[in-house]
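Protein chains: 2
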Amino acid sequence: MRAVGVVAEYNPFHNGHAYHLTMARQVADADVVIAVMSGNFVQRGEAAIFDKWARADQALHHGADVVIELPFHWAVQPAHLFAQGALTLLAALQIPTMVFGAEHPQVDFTALAEQSVNDTRAFKRFDQTYATLFNAQLEAKTGFRLDQPNDILSFSYAMANQQLKRPLVLMPIQRLGADYHEQVLSQQQFASATAVRKAMLTPTDQTVRQLADLVPKQTLASFSQQPAIAGWTPQLWHLLRHTLVVTPVTELANVYQMSEGLEYRLKAAAEENDTWPDFLTAIKTKRYTYSRLLRVCLYTVMHATTAEMVPGQSEYLRLLGFTSAGQRWLNEAKKRFMFPLITRFDRKLKQTTLNLDYRAGTVYEMLTGQAQDFRHNPLRVVTK
Amino acid sequence: MRAVGVVAEYNPFHNGHAYHLTMARQVADADVVIAVMSGNFVQRGEAAIFDKWARADQALHHGADVVIELPFHWAVQPAHLFAQGALTLLAALQIPTMVFGAEHPQVDFTALAEQSVNDTRAFKRFDQTYATLFNAQLEAKTGFRLDQPNDILSFSYAMANQQLKRPLVLMPIQRLGADYHEQVLSQQQFASATAVRKAMLTPTDQTVRQLADLVPKQTLASFSQQPAIAGWTPQLWHLLRHTLVVTPVTELANVYQMSEGLEYRLKAAAEENDTWPDFLTAIKTKRYTYSRLLRVCLYTVMHATTAEMVPGQSEYLRLLGFTSAGQRWLNEAKKRFMFPLITRFDRKLKQTTLNLDYRAGTVYEMLTGQAQDFRHNPLRVVTK
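Residue numbers (this note's numbering), protein chains in the order written: chain A, 1 to 384; chain B, 385 to 768.
What the hints contain is simulated information worked out from the structure, not anything from laboratory work. Hints may contain errors.
Lysine to aspartate or glutamate pairs mimicking EDC-like chemistry, simulated, CA-CA at most 16 angstroms apart [what the hints assert, rightly or not]:
hint, chain 1, residue 1, chain 2, residue 2
1, A, 284, A, 272
2, B, 670, B, 644
3, A, 165, A, 213
4, A, 348, B, 655
5, B, 732, A, 272
6, B, 525, B, 498
7, B, 525, B, 492
8, B, 668, B, 635
9, B, 734, B, 699
10, A, 267, A, 278
11, A, 350, B, 656
12, B, 732, A, 332
13, A, 348, B, 749
14, A, 141, A, 114
15, A, 286, A, 260
16, B, 651, B, 635
17, A, 350, A, 308
18, B, 719, B, 730
19, A, 350, B, 655
20, B, 734, A, 272
21, B, 734, A, 114
Footprint (simulated), chain A over chain B, 3 or more residues, beta carbon under 8 angstroms [what the hints assert, rightly or not]:
hint, region
22, 628 to 635
23, 740 to 749
Heads up, the beta-carbon is just placed ideally off N, CA and C, and yes, glycines get one too.
Pulled out of the complex, with its shape left as it was, chain A reads as follows (with noise of 0.2 angstroms):
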């Protein structure tokens, strides 16, 4: 059986993702589709709207075939290592070709990478992306700006393919509809997650008679039957304060990324205000992004260490899903994989590979009071 793969975070899956998977399926010609997911946290360092089951659930029903989780450790990771960590699992699946979506789909992003000075320095930078820093040498070199957030995106594929040695071939495809950002509602059949997170947390009557235009089936049964989450609820936002009020900040000094005297800034921020809004505008300053900050403010919660975050590490493919075609897929490649493939939970994983997993879904359990890992066998769906 031919596969070919995708990576995202479904944040919720929407009409503009369900396209994706067709398009993937049709331009590789391929019998199933391999999403390699994010879990219950997001690379913008928030908790993703509906849990990783809700989630795969809906892209199995609308064109996924297997759904992977994309770990802690590499999904809440600036874009060029949420890139990496992808690229590795798909790698690991012995998948051959990806499929993503930029607004230059016509730019050849495997050659912009192989011009691109292999600096190691980018990978310690946390800041700011590959595109922010290789922009001028590219425009000077080849004359594309690389501006917009999918080509930024593709860009970071094309450079972590590179760097693993181009075990993918990459095929990028238009990305369609609405801007990445866009807030707003689009009237139009494709809407940003963003648009759609917004109309789901805050929703009127008329956000919800657009939404069953703008996701399929399976979201808006997730909408109906569950509590759609806040990035950061108010409940996250008091782990998070309690924690930086109590921890020494010698203690907080050996969270993941808390460098610089972040620690004394969180710390007294948190102290201050009470509110996340008013304690967000207390942190921010000229040196940090909001996701880099908003990524540090999740280590801090989960309490994510630099052993356990940086790249490297003993890997694996969590499974939360597969369909008919996908089972047989699974069957028949998965003797081929390189990493262990996850079906189960169990104590002994929880104590060490998966631990970080681990806390976060208990984290994001004590959100929602959905059952994360223990007590969770990968979804089936049945196809024709």
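With chain A's structure known, arrange chain B on it following the hints.
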């Protein structure tokens, strides 16, 4: 002016406390009554039902003239350290006499304490009261059996006074009214604080009517003005659970009294139980009393270390409020105080001496939304 000292939690202040204050003033022929009162967390390892300001206000309206906070590092301790802390503060206030209620006030607790072996092992025990340790010996020597809660506490005061080289004259008085542990509101004028708390936390028409006969006006005012806090609110349990789940056992082991592998037991129970009652059931063994376990849970939430909790660190007298007579006494007596009198909470105190109290205050603030330390001047209650 002649002052008499009392020690209390006022959780909450009830008619029995008002009676005790009246009697203290009378038996000691005092002009002013000075109360040393626990802050927002009490000896049994729980949040107080009302914050320290409301409870100080209740006391100042009904017989106390000055309220001094017993700091967290003394208040949330087994009885012998609680007593040692309270007497240390009364001695530093240069108060000559202390009055307390006992079931058997005719017993000479000072003589009992003198007769008791000055066994330093006792200070290393956190599970058993002096009474339990010495009871057999005491009974054999004196024929008196220490088994009533206020007799036991009285004996602890006497032991502490002995260890401090007897700075205070101790005057036990008859304790009136309900049994200390009584859960049901008594029909009489006196009910236990336990029964009053229970009625306030799960009020019925009947118990609310009864409350008016059992607590004085200012306690009823607190009850109608602010939320009554359960000893372990769901939110406090969430802060504990989060801390236990995300913190490695090696770090949990730094918490005061987290010994003999208790950190493993607490962590496993937090992972496996999502409600406070289930968690409590899971951690209980014959080896530890509930009070000991509840205190360790509070130390964990506050990140209280051994260095912060051991006796003998820098002490202070935190003024929570005073009446007109109390103010006159303070003006006259404060030059003789042996520890600094803290009337304003400032940044320097927050970062140094009062840091643990500050953390406890912030946690309590998160439970109630009521400012605790900053933005709070001592209460002034104008009396005739």
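Hint by hint, here is what the structure shows:
no., hint, result
1, A/284 <-> A/272, "holds (14 angstroms)"
2, B/670 <-> B/644, "holds (14 angstroms)"
3, A/165 <-> A/213, "violated (42 angstroms)"
4, A/348 <-> B/655, "holds (14 angstroms)"
5, B/732 <-> A/272, "holds (15 angstroms)"
6, B/525 <-> B/498, "holds (12 angstroms)"
7, B/525 <-> B/492, "holds (14 angstroms)"
8, B/668 <-> B/635, "violated (22 angstroms)"
9, B/734 <-> B/699, "holds (14 angstroms)"
10, A/267 <-> A/278, "holds (13 angstroms)"
11, A/350 <-> B/656, "holds (12 angstroms)"
12, B/732 <-> A/332, "violated (66 angstroms)"
13, A/348 <-> B/749, "violated (39 angstroms)"
14, A/141 <-> A/114, "holds (12 angstroms)"
15, A/286 <-> A/260, "holds (14 angstroms)"
16, B/651 <-> B/635, "holds (12 angstroms)"
17, A/350 <-> A/308, "holds (14 angstroms)"
18, B/719 <-> B/730, "violated (21 angstroms)"
19, A/350 <-> B/655, "holds (10 angstroms)"
20, B/734 <-> A/272, "holds (12 angstroms)"
21, B/734 <-> A/114, "violated (55 angstroms)"
22, 628 to 635, "holds (count 5)"
23, 740 to 749, "holds (count 4)"
Comparing the model with each earlier hint shows violations of hints 3, 8, 12, 13, 18 and 21; every other hint is respected.
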